[in-house]
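*Asks:* If you want the building blocks of each chain, they are given just below.
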Amino acid sequence: MLLHEVFVDGFRNLAQVTLRPHPRLTVLIGDNGQGKTNLLEAIHLVAALRPLRPVERAAELVAFGRETGLVRGRFALDGPLDVEVRLEQRGRKATVGGKAVRDVATLAGRLGVVSFVPDDATMIRGGPGDRRRGLDRFAYALLPAFAAASRRFDEALEQRNRLLKEPVVDDDALDAFTPPFVDAAVDLARLRAEACVRWAPVFSAEAHALGGDALGATLGYQSGCFDDDVATTASAALQQHLQQRLDRGRDVEKRKRSTLCGPQLDDVVVAKAGRGARFLASQGEARALVLALKLAAVRLLTEARGQGPLLLLDDVAGELDRHRAARLLQSIDEHDAQVFVTTTGTDTLPPLGDCAVVGVHDGRLRA
Amino acid sequence: MTSSPDPIRALTSQLSRLPGIGERTALRLVHHLLRQDRALLHALAHALVDVAEHVHECSRCCSLTANEGVCSVCRDPRRDDTVLCVIATMQDQAAIEATGEFRGRYHVLHGTLSPLDGTRPEDLRLQPLLARLQGDDKSVRELILATPPSVDGEATALYLAKLLGAHGLSLTRIASGVPVGGDLQFADKPTLARAIALRRVL
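Protein chains in written order, with this note's numbering: chain C, 970 to 1336; chain X, 6 to 207.
There could be a bad hint or two in this list.
Stated by the list, open to error - Where chain C lies over chain X, by a calculated footprint (3+ residues, C-beta under 8 Å): (1) 156-166; (2) 175-185; (3) 195-205.
Just so you know, these hints were derived from the structure itself, not from any lab. In this text, all values refer to a predicted model and were calculated from it rather than measured experimentally. Backbone N, C-alpha and C fix where the C-beta goes; we use that ideal spot for every residue, glycine too.
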């Protein structure tokens, strides 16, 4: 897949910007606060069809003083593909060739994006919620069914929690909302487990290749509600197990006014030599492990789709030493990914090879 | 002297209460209307008044109708009185009717249970359904729960199943699974898993 051109209008601090990226590597260079990361976020929006960082409302992404914003991308993916995402006060809307996209997840799955932002270190050093979000970002890109399953689970959890927060809990309604919750919970848990099963060996191999701090790292899915191996146990058995646990815990849930068992408590354990990395990893180690996670994601997405994904690297120079940045660039060429890098100066990066360097200043581009 | 409110602003504010229409779109609609022949505005106003005065819920199935008393489906003597299909909305009824596959009767709930939206059991047309089954519609043998396969729709079907469990009816749920004419290898996993779990005997 190639992104030939991206047009941005009224997105964050970008007024009207057209970028024609290099097929291999585009370096966005500029001082802090000029719009480099915003441009990267715009590319993520049009390729992943959702924001790089979660926002409360689509309107938050619209430039100050504007009613609407838009990002248009011209891709080559088994032929030309024009994708447009329009941001309005009420939400965002994706169109392809002028027609509304009904199945956003499938289109996003065909496009494929891996991002690497400074926040990603929370995948190693943050709490379970951070690690779960890191896993989910990967699962979105790898598994087309993930987006719908995740949305359905969030809805079921919110509905059930709302019932538990009523002054007087309606037990009949809670009985009725529990099976759909269980159903959505099992679907989500199985997809997360599948993503981990595929991610883990490739992650270990990438960590091994990086060597040094990353040597011997492993990754595993840790379910928040199932003792059995989620990836290999039949859905019906998992459903029965969770239903029973919820039935038994009903009184406690009513006291705590919240659903206490389910994949909202899932975790991803990144360990080194059998010990959780969260407590061990130094800053340098954490960066190496995150890099291994991302390299593994690029490899898996390339294999799954038969084409390299877009790789968005925000300020990696601050995150990686020259040796690791060089390894990253090498991996890019192995996988035929199209890469976008933001940086404050090229002197911190390793030799880049064939690329385009584009200056970003005050929301405008300079070739 | 009291001035009446600005009619343009009044209409804009009414239109902007409609779903999917914001203040700006409402204003655009108002200006569009004002450029039209005044006869069209009167016709529109008349149609609105007509709907407000004449459309009501069918006293049997709760669908919306302009007929006195019961709707045209409930009036139709060729319909099968032994099968009753419970749906969430009139649009769902229209979709099922368009298939031509169902010749029984309907009951419209006008919504699905949703704690987040504040839709509780008493907000759905459940009492009229119970009253029907105990009154005029004693011949019903099968109740098809055709609420949508969403979280709310499933919960509503389960709630109804529990409520009606003691009525001696056969309760069925619409099937879900792989699309007709589709390829199994391209079906998404949760859908295919459901199709396997809910397989039927041939």
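*Asks:* Hint compliance check: list the failing hint numbers for this structure, sorted ascending.
*Replies:* Hint 2 is the one this structure does not satisfy, whereas the remaining hints hold.
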